[in-house]
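A.B. asks: Below, each chain spelled out in residue letters.
2 protein chains.
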Amino acid sequence: MPEDSHETFLADFALMSTFGATAGGGVERQAATPEDGQVRAWLTDLFRKSGFEVHLDGIGNLYGLIEFSPGADYVLFGSHLDSQPMAGKYDGAYGVLAAFHAVVRVAEAHRAAGTMPKYNLAVVDWFNEEGSRFKPSMMGSAVYSGKLSIDEALSISDSGGVSVRDALTALDAVGDFTLPPIAGYAEIHIEQGPSMDDSGVKIGAVAATWCAYKYEVAVQGEQGHTGSMRMASRKDALLGAAHLITAVNELVDDFEQETLHTTVSELYVLPNSPVTIAREVRLHIDMRAENTEILDRALALLLAKIELLEQRTRTAVQFLASNTWRSGTFVEAGVKLVEDAADELGHSHARVKTLAGHDATNIKDLVPTVLVFVPSIDGISHNERELTSDIDMLAGVDVFERIVHAIVTGALD
Amino acid sequence: MPEDSHETFLADFALMSTFGATAGGGVERQAATPEDGQVRAWLTDLFRKSGFEVHLDGIGNLYGLIEFSPGADYVLFGSHLDSQPMAGKYDGAYGVLAAFHAVVRVAEAHRAAGTMPKYNLAVVDWFNEEGSRFKPSMMGSAVYSGKLSIDEALSISDSGGVSVRDALTALDAVGDFTLPPIAGYAEIHIEQGPSMDDSGVKIGAVAATWCAYKYEVAVQGEQGHTGSMRMASRKDALLGAAHLITAVNELVDDFEQETLHTTVSELYVLPNSPVTIAREVRLHIDMRAENTEILDRALALLLAKIELLEQRTRTAVQFLASNTWRSGTFVEAGVKLVEDAADELGHSHARVKTLAGHDATNIKDLVPTVLVFVPSIDGISHNERELTSDIDMLAGVDVFERIVHAIVTGALD
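These protein sequences, in sequence, are chains A and B. In this note's numbering, each residue carries its 1-based index in the first sequence increased by 43. In this note's numbering, each residue carries its 1-based index in the second sequence increased by 43.
Just so you know, these hints were derived from the structure itself, not from any lab. Since the model is a prediction, treat every value here as computed from it, not as a measurement. Take the hints with a grain of salt, since some may be wrong.
Where chains are identical, the list cannot tell them apart; a pair therefore holds if satisfied intra-copy or between any two copies.
[Said to hold, decoys possible] Straight-line alpha carbon distances no greater than 20 angstroms define the calculated SDA-like cross-link-like pairs of lysine to any residue that follow: (1) LYS278 with ASN292; (2) LYS92 with LYS190; (3) LYS396 with ALA275; (4) LYS161 with LEU351; (5) LYS92 with SER198; (6) LYS278 with VAL410; (7) LYS348 with ASN292; (8) LYS396 with TYR256; (9) LYS278 with THR289; (10) LYS348 with GLU293; (11) LYS278 with LEU294; (12) LYS278 with ASP339; (13) LYS190 with PRO179; (14) LYS348 with THR289; (15) LYS278 with LEU430; (16) LYS278 with ILE420; (17) LYS379 with HIS448.
So that you can see chain A by itself, here it is in the shape it has in the complex (with noise of 0.2 angstroms):
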């Protein structure tokens, strides 16, 4: 690619990234806050100064259509501008620009040579990918893929109990568009973990994805007196919820080094008073491995688990909901499309597993699905450190750009 192109996707790349810049260094651009709504117009514009249609659907999600023959399916590439709280400029919105220029270019290029690509071409911008507020994450690909409805979506709120309907309506970001049929997907993400940072790879092939157990908890106690209630007569359900934390934690000293991810990093405490003793907590469990055999096993240890804690801190705990993701694999003829693209343009790649979901996890589903990463320097995500080379950065477009001419030529049919 000319050198020109190369600079105009970095300074498009450092533009986007004021849209809710943090002191830090990251931006913080929750699911349809105003700092999200300011990316999503600034997109909005860029599809426009280049000549693509821009479409809302009803759960928010942006696309900017190119139609070169009129009728025939689209392919469709992107990712997601929103962001975790504090979060790193790479995540996601890496991914929605490199798509945009990929495109842009093939187009170009197509329209320069005077020939006609079988599909036409679109690009997307998934609502609420991060599911920060808005449980559950990716949700914008979610609806779009028939695995969750978008009435229940539109009811689900944040923790303020503001809707994802009336967030989406402030923003003036629901629309009533429907994209025709789709015949593939690609997406280039960060890889928000060290294995190819680590192993010095430039260019990831997703293989497949790790499998995921989330639940919603909830530790019941009672109220009390901090200071006059007997310690023998109490019921605390913090402290009922602080052994839960580190039960799940210790889950992973019962298997093999990294091949189990255990978390819980939401919590909301009731009445969270300095002086009462924790009626109810509410937290949120996420377990990650390879494959369902060890979440079953992690889950079962748990629940032995959660049977004494019980006992010990007379609490009771409560399974509310769960959200299951099952391992994947991602189409042969794509990860050959990455590892062929790669090598053409000289870097080096390798066969990775996303431990993350992305929006790719919920459309290969539909259709046939590519995903690339990019290395994440130290493998730090979800964090105003997050960092992504620009050499990096510009490698990837340029390997997504041979992705997107192959699959727009049927490579993946």
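Given the structure of chain A, go ahead and fit chain B onto it with the hints provided.
C.D. replies: Chain B in isolation, oriented as in the chain A frame:
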């Protein structure tokens, strides 16, 4: 006392308990909320109808005054109308209403007899005793007794960023009244612990207070992706906090049973997202004991446990602020006054300690102060199921009337 004054008290108590009433039979009237404003307006009306002058000071303490002898000092009686979230209806509110009824009876007796008490009479609703919305607790009496500056108190904000100044101003509850010098203070309160209920004692003469060490603590970690970040690299602030909570709880194992009470009941997670490892947890540690030797020993143990958990979880624990209550005793003449009043009325009594803090704890450092307890069934408090029987409430008012009568005629001089 005649039956009808008992009936009037219970009718007033029932009416008072409707302000901020919860479905579970309790009340929720956190300081300077609309519900607190409603019950304060009701008390203001009750004061006025009974011929009290009503005044507000700069921190929202609400006074009702009966002047017998212009220029004479006052004696003050009261407690607080604010509550914890989802709390009982007796805590504080019983004491304000009992003080009002007792003062009305004593004033009427003097008027009927044409006698002139030595002191003028005042009833107070101390602002924000509970401290659940605005820390520290016992705020109004702390400002009154010079332990907390009014500017500092007015600048304190709740978790939503609303200051005491703004919340009080919204209720039109900031005045410029300064109560004339007081010669004594008395308060009646529910015990909030089980000792009197267990032993069947009707009247508690509070002889001493437990002491407390309270700490605002931050556990520092680092954000990361819950799915993809290696377990061995994590600095999970919520995991660190969980170990801290269990460490605080396990302190009591090193002490004689029920000589040390330790609790964490307030906690905030940042960023509190289901898929981002917590970068920081803020929590409040509450430790109480009969004497500071126990607390000092517990604190030293806790610091050693914190060093271990910091290493284990790669987090850092910072003590941000502390609030200390020394233990103390109430004047012997006041304790004797309670015992004599109970004896005269034929109620069983005992000398007790208060494990909870009360406004009386602040005022006793200023003037001779009496604190009286009535039993809490099963010691339940800060809970909708908090209960003191009507018979015990009425016995308390009758005893308190005798105490008011004695103090107003110089018994504490």
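A.B. asks: For each hint, tell me whether it holds in the structure or not.
C.D. replies: Structure-based check of each hint:
1. Taking identical chains as interchangeable, the C-alpha atoms of LYS278 and ASN292 lie at most 20 angstroms apart only when they sit on different chains, with a minimum of 12 angstroms there against 23 angstroms within one chain.
2. In this assembly of identical chains, the alpha carbons of LYS92 and LYS190 never lie at most 20 angstroms apart, being 34 angstroms within a copy and 65 angstroms across copies at closest.
3. Within a single copy, LYS396 and ALA275 get their C-alpha atoms only as close as 49 angstroms, which misses the 20 angstroms cut-off; across copies the closest is 19 angstroms, which meets it.
4. Within a single copy, LYS161 and LEU351 get their C-alpha atoms no closer than 61 angstroms, and across copies no closer than 63 angstroms, so neither meets the 20 angstroms cut-off.
5. Neither within a single protomer nor between protomers do LYS92 and SER198 lie at most 20 angstroms apart by alpha-carbon distance, with minima of 34 angstroms and 50 angstroms respectively.
6. Proximity of LYS278 and VAL410 under a CA criterion of 20 angstroms is satisfied in neither setting, with 51 angstroms inside one chain copy and 38 angstroms between copies.
7. Taking the closest pair of Cα atoms, LYS348 and ASN292 come within 20 angstroms of each other both inside a single copy (11 angstroms) and across two copies (19 angstroms).
8. Taking the shortest Cα distances, LYS396 and TYR256 sit within 20 angstroms of each other inside one copy (17 angstroms), while across copies they are farther apart (50 angstroms).
9. For the homomeric pair LYS278 and THR289, the shortest alpha-carbon distances inside one copy (18 angstroms) and between copies (14 angstroms) are both at most 20 angstroms.
10. Taking the closest pair of Cα atoms, LYS348 and GLU293 come within 20 angstroms of each other both inside a single copy (10 angstroms) and across two copies (18 angstroms).
11. Taking the shortest Cα distances, LYS278 and LEU294 sit within 20 angstroms of each other only across copies (17 angstroms), while inside one copy they are farther apart (25 angstroms).
12. Neither within a single protomer nor between protomers do LYS278 and ASP339 lie at most 20 angstroms apart by alpha-carbon distance, with minima of 30 angstroms and 26 angstroms respectively.
13. Taking CA atoms no more than 20 angstroms apart as the test, LYS190 paired with PRO179 passes inside one copy only; the shortest distance there is 11 angstroms, against 48 angstroms between copies.
14. Proximity of LYS348 to THR289 under the C-alpha cut-off of 20 angstroms is found in both arrangements, the shortest distances being 10 angstroms within a copy and 15 angstroms between copies.
15. Taking identical chains as interchangeable, the C-alpha atoms of LYS278 and LEU430 lie at most 20 angstroms apart only when they sit on different chains, with a minimum of 18 angstroms there against 45 angstroms within one chain.
16. For the homomeric pair LYS278 and ILE420, the shortest alpha-carbon distance between copies (17 angstroms) is at most 20 angstroms, but the shortest distance inside one copy (45 angstroms) is not.
17. Within a single copy, LYS379 and HIS448 get their C-alpha atoms as close as 14 angstroms, which meets the 20 angstroms cut-off; across copies the closest is 94 angstroms, which misses it.
Hint compliance for this structure: hints 2, 4, 5, 6, 12 are broken, all remaining hints hold.
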